[in-house]
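Novice: Chain by chain, the residues run as shown.
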Amino acid sequence: MAVGFWLFSNGFLLTRMVLSDHSTASVLPFSKSALAKPDGSAAGAACEWYPAKFERAIVLVVDAMRADFVTWSDEIGMVDSEDGQHKIRPKPYHNRMPVINSLNTKFPEQTMLYRFRADPPTTTLQRLKGLTTGQLPTFIDAGSNFAGSAINEDNWLQAMRWQSLYACNGTESSKESATGGYKRNLVFLGDDTWISLFPEELSDTHAIEANDTLWNEQSEIARGKRRGWARVRPFPSLNVWDLDTVDDGVLSRLPLFLLPPETSDERINNPEISAERKLWHQLVKQQGMLAHPDFLSSSSAENTMVTKNVGAEQLHSDWDVIIAHGLGVDHCGHRFGPDHPAISQKLAQMNQAIELIVQAISRSDKPTALYVFGDHGMDSKGDHGGDSPREVDAALWTYSNVKWNTHEASGRIDRVLETAESILGNLSLTDVLDGDLRSSWWLNTHLSDDYRMKDGKLLVEPVKMRSVPQIDLVSTLTMSLGLHIPFNNLGAVIPEFFASDSSGPDSEWGLIRALRLNAAQVMRYLEKYMDSSKSHGFSSEAVQSWRDMYNSAETSYRELADLAAHNPNAHQQSHVMLFEESVAAQYYAFLRVVLGTLRQMWAQFDSVLIIAGLCIIVEVLVALVLLYLVLRHDSLDYIVGISWKTGLGGAVAAAIAARSVAHIANSKALSHITQLEATAFGTAAGLVGASILVISLRLVQQCRGEEAGSVAKDSVDDQGSGRFIAYTLNAVALVMAVIHCLAFTSNSFTFNEDSIVLYLVQTLTLAVVLAAFKSTRLSSSDQQKAAGYRALVCSLVILVLNRIASYSTVCREEQLPGCTPTFYGAPSASISSTALAVLNGSMVWLVPYVIQHFLRRSRSDQAMLPKLWVNVGMRICMGMAAVYWILDSIDGTLASEAAASASAPSSPSSKSDWSELRLVLARMSVGIAIGGGFAAWVASPFCIDVAVTTVPSANRAAKLPTTQTTKQAAIILGFGNAYGAAYLMLVSVVFCVLYTFQQPMGGIMLSMLLVKLVLCVEMFDSLRDATLNGSSETSLVPAQMTLMALLAYLDYFATGHQFTLVSIQWSTAFVGVREMQLILCGAIVVLNTFGSFILTSICVPLAVLWNESLGSQRLRLAPNAYIARVTGAASIFAAYIVLVSASTAAFAAWFRRHLMVWKIFAPRFMFSVPVVLLSCTVLFAAAIGFATIRVLRLGLSVGDAQAIVAQKIGQVR
Amino acid sequence: MPAKKTPAAEPLTVGSSEYDSKMYPVEPNGIELMLGGMFSAMALVSPRRGLNLYESPAKYLCVSATVLFGYYAILTFADIYCFKVTDSQRRRTRTLGSRFTAVLKMGLATLASALVLSIVFVLFGAPIFSQHGETYMAAVNVSFLAVTPAILTLKADIGAWRKALLSLQPKTLPEKWAAGFFWCTMVTCWAGAYFVPMDWGRPWQRWPIPIVGGAFLGYLIGLMFVAIRCFVIPLGRADFNETERQKREMTRQPPPTARSADQGSSETKKLK
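Going down the list, the sequences are from chains A and B.
The first sequence lines up with residues 1 to 1213 when you count with UniProt numbering.
The second sequence lines up with residues 1 to 272 when you count with UniProt numbering.
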């Protein structure tokens, strides 16, 4: 089963290590050996990787701008035709951005339009990560911080922040970076997702500028270390219904930077510029936005845009990078869908904004680049997140006020790309590459598909356009600005940007230089990645091919360099140019192969592994249920005996088969399953499968045998309706299990699992209430009637306790408006209130009392062990824990009060120090539980005592007239429930340990869980007595196990947990521990988190052992069958938990492209794995393997009642 | 369905005056079911004017409960709920006062069962410290739909309740009647909770609207179910040439003593 989970996780949880390394401008990415070459002239001293092409850049992100929104087609205007039945009209989103087309035709050497392919998932957050780091999205970025969303990988915002713009010397830059401050003047406007990703890089420097006296230091050094400023204006992104706020916020502030500031002097004001300003203002839909202090006159104190040091004039002239992110189009898609006139308005607004930006930068004398792109597309309903073509195809359009894409260069680029394509086509790894990596051109089918006639004729022909993956932007943007490429980048430079240059002392072709740097950087990343972890998961063939390609490209490059060195004019000669192109193509192909391989490894779920994992989980589930069925009649030894040989054979056979199949699958690149995974799968599947086969064969045999024998024992009427009750209850339990599984089909059910579990538990309990109610009249004898009433009372109490348990909760963030957290007493507290802690103290009295109460019925409570342990030991132990938590809450409250009045340095006296005392208390509590309770239990678990009375007792406790001739009768106290009571002692010991590690509310709830479990055991036992007359034909075990499992889930929530990582109570790791010790603290957190599951699993055998008399004939004649019954019950319990986890796994895999998969479904699955593993371990190893067997063995060996009696009576005398 | 079958039932019951003095196994007439459908529809729809279900569900449910009460009150007062229409002798002997008492008892028993039901709602996860009005009014509505038919047919006999609602033994017509309404309404009401946790943000997802909606839907299903079980199937099986005695056996009217001994219906609480 563990293998199943492991396989599933390998396939499902895409992992990638996050390397925290950063590139620096002063160090080129070449390896040392390459640097040693004399021709690596540019290395060493250079501080820029590539000379800056553009001084400034505007990055305008139009969220969800699909490729066909931007393209222009004259044919669409004529499309307005009626095609018999259905009309084809121009879509509202086509041809809405004419400025792009007109500029493309007017300035072909300054513009370029691309299809911009995103890596799924196409959600803005994931896309921004990719667009800034150049990495592929994987979801468990191992090593990254789970809670925080900030990016700590190298990215180009960091590069802008740390890298000084002007002359740098290798040594100085590192020092500078320590001093902080922006090197480039950065403006950010728009979607606040950026802020959560880059909280440091994008922090407004207004406050620093205002306070820092050093800022306006005019010295040369200060100028050299220019401190950049930043202006950051984020706007809320979550309100999908709001189409305008973000766009307006962006568009209203852009003119502050793009246009020269308004002056009161009319003569200076250019009329052209004022006209533009007016146009900008008209673009803002909500004119109220313009009342913001940002637009006040610069002298106003409220205006935080300008400072003394950075005035309005500097804002206009000094910015280096503007990042603007408008959400209008995306929100319009979400709200109305693309087929709505609103989208044309939004696109027209963007169109005009682009037009105005272009006008502004054309006026500027600094080379400025404008990048307009969509971070993803939208599907036909306007949503995004998945991997359908319409979602991944965004658009990228670039414009600059200088020529950067000359005609000669574009011819050379075409040749490079074609060569690269043919190189890629000849590789053996081709099938690894997606279509968009193999070919650099793409047909704009989204445009044409909208105008398809019924007969398949296209009204609009698809246009061929250039296609680049999104992450290519990273290296392109950084290199063109003269920055270094982020360390983790995997993209390739977009050739158009560099093909027109020649750079360096020997006027090397710019594209070669850029690609070579890029390739070296990627290679450096790969080597580093492989160095840092053994389990990098790259196949050796892939690594070999990467190295080969890189080395061959380098060799060709060196040949080229030699050629150029001997021939100064080489770069103009056509054969050299061809050679250059082939070298560039080699680098390009290398980059594409790396990207393709990694994309497959990191960004694609391995469905083979997922299915394999699920298969094993389901197999285990089937095996458990079959085990239960077969164990009703056979002993465990027998089953193990007949199945182990077959299982072993099956395992070996399947392992061999799986390995060979995996080999085939690998060679066809269906999956990158490793040999280890294949072997594990084969072994597990074979073992379980063969066992299933054997067990089911045996089961068929049993059924045959039963059919033959069943005619004879047709039951009485009374038992018939008892059977009806049992069947109904089991059916209800099955329905509950099915509903619990189906709850994971919906995200709202998954995050409301706590109320759903309550609903199911209450339904099942209510069914038991009705059953008990029915049984009170059904049964004939008084004893049965009493049992029925007992069951009724127990079930009613459980109903109430369940509701109380569900009252305690920590809310998930998704539940929040409709949910008040009650776990810590007050809604906003994160420390338990003292009142709760005191209430927790009352459990010290309650729990032992309840245990004793249940023991009293069989008079087991008079025995030595319960008297000592339950009455004294347990109370001391729990009392210490309760005091611990009271002190803890007092400390916590004091600390928070001190923090609230933090202005004054807190006096040492107020800082109460109970911590030493707490440490002692917690340790003693656990120590007493284990050293006292557990040791006593191991020494003599039985709660049996002998009382000698003269009065015959009417109690249920079995009365044995002794062999003595005296008139005194010896009563063995605790005879009737000998096994159950003995086992309950162990449960109480385990409970004490768990109790110590629960927060006060959790402690209360855990106590209630113990009470409920005992009640549940008692209830079903009574119900069995009342209805079934102890016949083993029909069994209530499935219903009982379902109820117990549901109780465990309910109390998981009640003890202050949710299936989210944030709800883990890390603070409990330090209960009784002074310093962080990884294993110990981890174990404590596990005990705290899964306490309810551990307690319930431990209780499972109690369901069978309860009220089992010491003198039970059944038990003594066939102890093996008895163990089989316990195992059967346990296997049903395990089956329930496995079923739930199988369902979480299945639906997590099913929804793997769901928007919320990483927020809801995947964490739910990840939590279900430890639940299953822990419960099963506790269940089968501790509860059955150790405790039950020990109890039974001891019981049987001392179970000779006569001997005990004789011995005890001897003592009494 | 019941409307169609009524004329078929009519001739059988009309010519039976000679049995009036005895306890005669009466035939159902279907009036209650027709009225029930009409009134439950009214209770759902009519108060919409001037009252907003989404803004003040408690008020709205109060009005709809009043409509339902009116329906049961008419039937109880006229003593024609479930099978008693031909029992004209017995009806004539009942005084106005005893009729009022019967209506009152019915109302009180329903309110009491609603109390139990609202506790069950809370146990199943309804808010504990807030929205008591909504919870109780929802419980009153549900109990009118589910429990009152049982109150009126089974009276305060726990054994009869147990037999009618919890056993598979062959049942008499009143027991079938009670069980049909009870289980159909309750199960659909239970299933109505499906909509509560969904994050669709619809106004009708507010507590307790899905529950009550489910109950009404379940009641309508129950109408069909009861109509088929108590009218269509017996009539389909009936041989129109058979003797009156055989008919009597078919409908399995319980002996009159069990009926007259009905007091203190508040004991029905136990059954939720």
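Careful: at least some of the hints might be erroneous.
Below, computed lysine to aspartate or glutamate pairings styled on DMTMM-like, alpha-carbon distance capped at 20 angstroms [to be verified]:
id, chain 1, residue 1, chain 2, residue 2
1, A, Lys1159, B, Asp199
2, A, Lys785, B, Asp157
3, A, Lys106, A, Glu55
4, A, Lys867, A, Asp945
Source of the hints: derived by calculation from the structure; they are not laboratory data.
Novice: Hints first: check each against the structure and report whether it holds.
Specialist: A quick look at each hint next to the structure:
no., hint, in the structure
1, A:Lys1159 - B:Asp199, "holds (15 angstroms)"
2, A:Lys785 - B:Asp157, "holds (19 angstroms)"
3, A:Lys106 - A:Glu55, "violated (23 angstroms)"
4, A:Lys867 - A:Asp945, "holds (11 angstroms)"
Against the hints set out earlier in the document, a violation occurs for number 3 only.
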